[in-house]
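K.L.:
Sequence:
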Amino acid sequence: MALHHPRSCYRHWQVFLLSLLALASAQSQVPAAVSEAGSEEAQARIRFGKELFSSKAACRFCHGWAGDGRGEAHSPGGAADLRRSRLTREGLLNVIACGRPGTSMPHFDAYAYDDGHCYGLRSNRDSSVIPPNPPHPLQPGEISAIVDYLLQDVLGKGSPTRAQCVEFFADAAPCGSYP
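For the sequence shown, the working numbering puts the final residue at 258, and the numbers step up evenly by one.
Everything labelled a hint here was simulated from the structure, so no lab data went into it.
Do not rely on the hints blindly, as some may be mistaken.
Label-pair distances were calculated between CB atoms; the ranges are [what the hints assert, rightly or not]:
(1) Ala252 to Gly170: 28 to 36 Å
(2) Gly255 to Gly199: 40 to 48 Å
(3) Gly195 to His153: 30 to 38 Å
(4) Asp250 to Lys135: 33 to 41 Å
(5) Thr182 to Gln218: 19 to 27 Å
(6) Ala242 to Arg204: 44 to 52 Å
(7) Gly255 to Asp193: 18 to 26 Å
(8) Gly157 to Pro258: 20 to 28 Å
(9) Asp205 to Phe248: 34 to 42 Å
All values reported here derive from a predicted model rather than from experimental measurement.
Virtual Cβ for every residue (Gly too), placed ideally from N, Cα, C.
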């Protein structure tokens, strides 16, 4: 009888729960997004995703406050313009959890490369192409909240405007250059 390491068991449960979350999201993607977009719970979740985008995950460092790929002055540059992205909910969940091999897009799932579930790569075998570690790993629910925010307020929104900047920062001070 083989003994399982506690971390391995935790990882299996995490993958199982993430799979259930992805399945539930895929089954109700369009109707839930439309029908719940105005609900208080959905709006709180989108605000939480926005906060994670800005702070814990530090997405705005590379992608910019508006998700337009402009990023901060000290970012590595070359981040995707999320406002023009055509990724689906599932695609966004995957990219945030697994990162992008061979780029500076980090993987936010702390165990993404332990068992090969991301792109079939393993950290002990494929370390040269594994995306970098994030500033702070995220839980599956946090990744999902960021995706909710992106789908609601960023993807398909075109070029950022001054009004969006003022709304994002709750202040007009950093928004001088936007029309």
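K.L.:
Between the beta carbons of alanine 242 and arginine 204, is the distance compatible with 44 to 52 Å?
P.N.:
49 Å, holds
K.L.:
May I ask you to test the hint 18 to 26 Å on the CB atoms belonging to glycine 255 and aspartate 193?
P.N.:
Violated - the Cβ-Cβ distance for glycine 255 and aspartate 193, about 46 Å, lies outside 18 to 26 Å.
K.L.:
Per the hint of 34 to 42 Å, is the separation of the Cβ atoms of aspartate 205 and phenylalanine 248 within bounds?
P.N.:
For aspartate 205 and phenylalanine 248 the Cβ distance comes to about 40 Å; the hint holds.
K.L.:
Do the beta carbons of threonine 182 and glutamine 218 sit within 19 to 27 Å of each other?
P.N.:
Because 23 Å falls inside the window, the suggested range holds.
K.L.:
Measuring from beta carbon to beta carbon, are alanine 252 and glycine 170 in 28 to 36 Å?
P.N.:
35 Å, holds
K.L.:
Starting from the range 30 to 38 Å, see whether the pair glycine 195 and histidine 153 falls in it by beta-carbon distance.
P.N.:
For glycine 195 and histidine 153 the Cβ distance comes to about 33 Å; the hint holds.
K.L.:
Could you check the hint for me, namely that glycine 157 and proline 258 are 20 to 28 Å apart, CB to CB?
P.N.:
25 Å, holds
K.L.:
Given the range 40 to 48 Å, decide if the beta-carbon distance of glycine 255 to glycine 199 lies inside it.
P.N.:
Holds: the Cβ-Cβ distance is about 47 Å, inside 40 to 48 Å.
K.L.:
Does the beta carbon distance between aspartate 250 and lysine 135 stay inside 33 to 41 Å, or does it fall outside?
P.N.:
21 Å, violated
Hints 4, 7, counting from the list given before, are not met by this structure.
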